[in-house]
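Student: Here the protein sequences line up with chains R and P, keeping their order. Start counting the first sequence at 1; every next residue gets the next number (the numbering used here). Start counting the second sequence at 657; every next residue gets the next number (the numbering used here).
Be aware that a few hints might be false.
Partial chain P-side listing against chain R, Cβ under 7 Å, derived [what the hints assert, rightly or not]:
#, residue
1, L822
2, E947
3, F948
4, R966
5, F969
6, S1032
7, Q1062
8, L1065
9, V1068
10, D1069
11, S1157
From chain R, some residues computed to sit far from chain P (all C-beta separations above 10 Å) [said to hold, decoys possible]:
#, residue
12, V211
13, A329
14, A403
Simulated from the structure, these hints should not be mistaken for lab results. Heads up, the beta-carbon is just placed ideally off N, CA and C, and yes, glycines get one too.
Protein chains: 2
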Amino acid sequence: MLPRGRPRAMGVAVLLLLLLLVIGFFLFGRDPEYGLGTTATLDGDLYGSRNLSASSPQLLLPPKCEVMLHVAVVCAGYNSSREIVTLMKSVLFYRKNPLHLHLITDAIARNILETLFRTWMVPAVVVSFYDAEELKPLVSWIPNKHYSGLYGLMKLVLPSILPLSLARVIVLDTDVTFSSDIVELWAFFGHFSGVILLWLDRLQQTGWEQVWKLTAKRELLTQTATSLADQDIFNAVIKEHPELVHPLPCVWNVQLSDHTLAERCYLEAADLKVIHWNSPKKLQVKNKHAEFFRSLHLTFLGYDGKLLRREPFGCPNHFPPGAEQLQQALAQLDEEEPCFEFRQQQLTVHRVHITFLSYQPPPPQPHDVTLVAQLSMDRLQMLEALCRHWPGPMSLALYLTDAEAQQFLHFVDMSPVLSVRKDVAYHVVYRDGPLYPVNQLRNVALAQALTPYVFLSDIDFLPAYSLYDYLRASIEQLELGGRRKAALVVPAFETLHYRFSFPKSKAELLTLLDAGSLHTFRYHEWPQGHASTDYSRWREAQAPYRVQWSAHYEPYVVVPRDCPRYDPRFVGFGWNKVAHIIELDAQEYEFLVLPEAFSIHLPHAPSLDISRFRSSPTYRDCLQALKEEFHQDLSRRYGSAALKYLTALQLSRSRA
Amino acid sequence: MLPRGRPRAMGVAVLLLLLLLVIGFFLFGRDPEYGLGTTATLDGDLYGSRNLSASSPQLLLPPKCEVMLHVAVVCAGYNSSREIVTLMKSVLFYRKNPLHLHLITDAIARNILETLFRTWMVPAVVVSFYDAEELKPLVSWIPNKHYSGLYGLMKLVLPSILPLSLARVIVLDTDVTFSSDIVELWAFFGHFSGVILLWLDRLQQTGWEQVWKLTAKRELLTQTATSLADQDIFNAVIKEHPELVHPLPCVWNVQLSDHTLAERCYLEAADLKVIHWNSPKKLQVKNKHAEFFRSLHLTFLGYDGKLLRREPFGCPNHFPPGAEQLQQALAQLDEEEPCFEFRQQQLTVHRVHITFLSYQPPPPQPHDVTLVAQLSMDRLQMLEALCRHWPGPMSLALYLTDAEAQQFLHFVDMSPVLSVRKDVAYHVVYRDGPLYPVNQLRNVALAQALTPYVFLSDIDFLPAYSLYDYLRASIEQLELGGRRKAALVVPAFETLHYRFSFPKSKAELLTLLDAGSLHTFRYHEWPQGHASTDYSRWREAQAPYRVQWSAHYEPYVVVPRDCPRYDPRFVGFGWNKVAHIIELDAQEYEFLVLPEAFSIHLPHAPSLDISRFRSSPTYRDCLQALKEEFHQDLSRRYGSAALKYLTALQLSRSRA
């Protein structure tokens, strides 16, 4: 028995083993498909160990491809939702069978994991969700130290929520990493059925529910315990019913430990199957196996999850939802066509991990505004300044590799400014393909904004310090709540100096403008982009004024969150915002310029994503082709009214 | 027999298998340590396959830890030197035994791989190098289409270069990826010894050398062949001596192929052991296994090699050279000390892959200069401009992750400017630790500069277009070749505008300076750094003039390549160049400012590495501590003469 209050890490492997049993007892049919290959006893040198002599005992492994393995995980909150990803990467890396995941989640984890698994599109993986709320009443009578402890206790009552048809299930905690095929663990069920079914009858007579509840109550009475964690109860049950426990070979529970037992396991085992250690930072340099554990954990932490979008080797296709259509669409692309890369990027389904870090959604307020933007690693240093300028909620999409997502996590942890801001939702979209999917990123951030209004900005812009308050006041004054279709324009400026003192007011901004320290945005290269905003009128304006759309207009706007999405066909750079503004105009949004609003673009070196494609000769041609298709689609949806956009574009081109 | 002229990919697995035999025949002792576990025949369902019933045949695997496995690879040139890294990562990921690598290399590969393995510091790996030149005469009589074909042919004569004491060796091509423990392949030796030793006698009588040479000569005569690749000869030998071939189970040679045979292997095999496919780009989307292959290959291509710096699990320590001292030094660091991270970073040995891309060393010229700089991923977009400004040789250290190194490769391939420049040597230093090891990077780049002089620059600076020619002329005029200790100062300027027209001459530069479009470098924040350069004198200067060192001086200089190295204790940012200039002054280098030389710093957002530590409160304290230690070391090395640096520093501090 493990002492109470031990770190959870110490107990979970016992838990894993016990649950394997527990669930087995309750849900096993008595039709063992896979029995022991020999009648030899199981002495820890099982299949998968190294030197198999003819006389050593072996478990039959179920054949690859056909047999579905069932895995259940209780997962609640933001941190566990990240942990489970690393667990699943390690399972998927080694697995050769189809998997059915049974995820018992709270609302937060469900929101995250539904999106993640939908976009991950791993073949031969089925995911079912179960509402952890339903299990709460069954365990909430047990005094528990932490709110999160309730989720641990839920493992006691899993059978009551999993489908009756489910015969066997492996229950895992989120903080383990596999270093072997999970089918080898599954094979233990065969062993149970052969050896421990004897006890099943007895258990069925008494009933597991009675067993653990009685034990828990007695513990509470006799041990004057004030709270019980799941592990405490398991320990107590094990103590009273040692016959329930079938020890797994030590390789299935390798922990960093100074115990002689663990040390002997390291030395004698040929192989390890599961490591149990989720905190590589708390590394004791003294333990000589620390490096090994750390390395395996970090392997999967930074592993590119899209590489796991593969059929189990040599198995017939198991397409996840949407994957077959996607594959057909991709197959129809012409690799020789010059815009192939653009079309391929547009069809790419990126894995999406919404609310990657802890997040407190904003309380519902009728005029609240979320700042929406997207960025990649090279703009991370903008975040602190942005947080200082925008005290309101933000929804940011980050385009990162799996390894970069870990760096990002560290970056936020280390930043005193970022780590305290719980109203910023970070959504990780995992990198895939050569072109920057700017509009797909914007749509992810937009979809996750929870306030009635959104400020559609870019990461290189810093809003006026007062902008958040001013926008909310403006929305209220303009009575936008009354379903009025309006796009509030925030005039955009830029500085070409990279050391720069940000203006505290419109008056200060105008002074800088007159001094030549500031310019209207892209005044030198592309004045058309913001010409309609009419900066000279804005100088004098005391009240919001309406402006008309004109060709190439791409202002930064505040709109209701149900506004049209960005067109994902525009990948890389160019026309991504222009098309969205046309869409707003086609849907008859009024453009209202706000007299006190402004936002300033800071200089930066061109990003790699931009410079890579600016120099490409086919880039302009492809962009042109995409524009034409966009206009055709507009005509289809808005009829002859949409002709004005095409005409305006052609006019502006003939003038140029 | 494979038809001649087939893609090499088709043949190499046969090669691998044959070589296993060939080398086995010649080098095997007849003392099989590991025999068949049963007397059953080997039918392709070997140990490591999935359903092991008690009656299926098994090979005994040698015990982990003790048995050293020998692997030989022929590796020549830049591309193979990259490929072998991915091969080795896959081998190391799964291995549990100590390995001895026998690398038969040309001078290029040896230079790269010696540095790589020395800095990789993988425990329980021994590397021996053999000069491929020695084997050339043995195979150069064979007509061959490509120069590189010679290296393929060398596999025919490997036994003549490997030590006689070597009993067994697995020969691998660089373009395979393992997905299993190489010990399982090693175990086949046991099988050979048991079953094929019979043929060893016969082979020994005739001799392999005679066999393949006769065959090759006959091929040349009868088939009117004009050239023979190694595979052609193996095929011919196999045809004449089919008894030499022992087929490996198909899982040891899984290739992307439309052959029915391969397809059946996919379906029947539970597992695959080695994939053979080094070109994920040339992916035929139609082949349903392509994703699987691609995924495994990319797994190791981007895998963080430092995670493989681990002892085989549960084995006693096998320290690579230097590792034990390093571990002791690390263990002596006090984790609670505020500067722990700095000291740890300073001790970190980064893996180094010198000349990561094809490179043509500059022809020896007595006054030639190499530009030396270092960068990380966020400065990659500087490279094209730098190449336009500096037409001479460069030695650049890049601080990258393994995955970023692949992106970098792609970036250079795609760039018309970079892909044609063969006089730029790129050295990849793999990321490890939170602080930017700026001086370690500079030292790597400096050590690889091959011209008599080096221009020690930074990546954000663009030199005057004429600088390369001007420097060479100046070196010649100043007769620096005569062992004169001189540091030629290149005055540094900066622009705060990120759109900027680069001055074509000193006259143009002075005009921009007077107009306020340019400034002397860090004029506003830190004039001390370049004060000694004496910009007002430079304006008028017609000839080089000597200046004296003063506190905080950090000019960009041209020095002989045997100049002092940078002090690696300065990691992160701050004092890294200052300390180097002090070192030059202490060694009595003359500082000579060149009247026509200049270099301009371009603006950029602060890098993540900088911003992460500027905000850290302990950062300044640690830097101060490092400075003090530096001064103590100076006194130790230069005696009382070094006191002037400390005094100057203290004086400047009391003034501030």
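Student: Are the hints correct? Go through all of them and say.
Tutor: Now for the hints, and whether the structure bears them out:
| no. | hint | result |
| --- | --- | --- |
| 1 | L822 | 25 Å, violated |
| 2 | E947 | 5 Å, holds |
| 3 | F948 | 5 Å, holds |
| 4 | R966 | 5 Å, holds |
| 5 | F969 | 5 Å, holds |
| 6 | S1032 | 10 Å, violated |
| 7 | Q1062 | 11 Å, violated |
| 8 | L1065 | 13 Å, violated |
| 9 | V1068 | 11 Å, violated |
| 10 | D1069 | 11 Å, violated |
| 11 | S1157 | 13 Å, violated |
| 12 | V211 | 36 Å, holds |
| 13 | A329 | 12 Å, holds |
| 14 | A403 | 6 Å, violated |
Against the hints set out earlier in the document, violations occur for numbers 1, 6, 7, 8, 9, 10, 11, 14.
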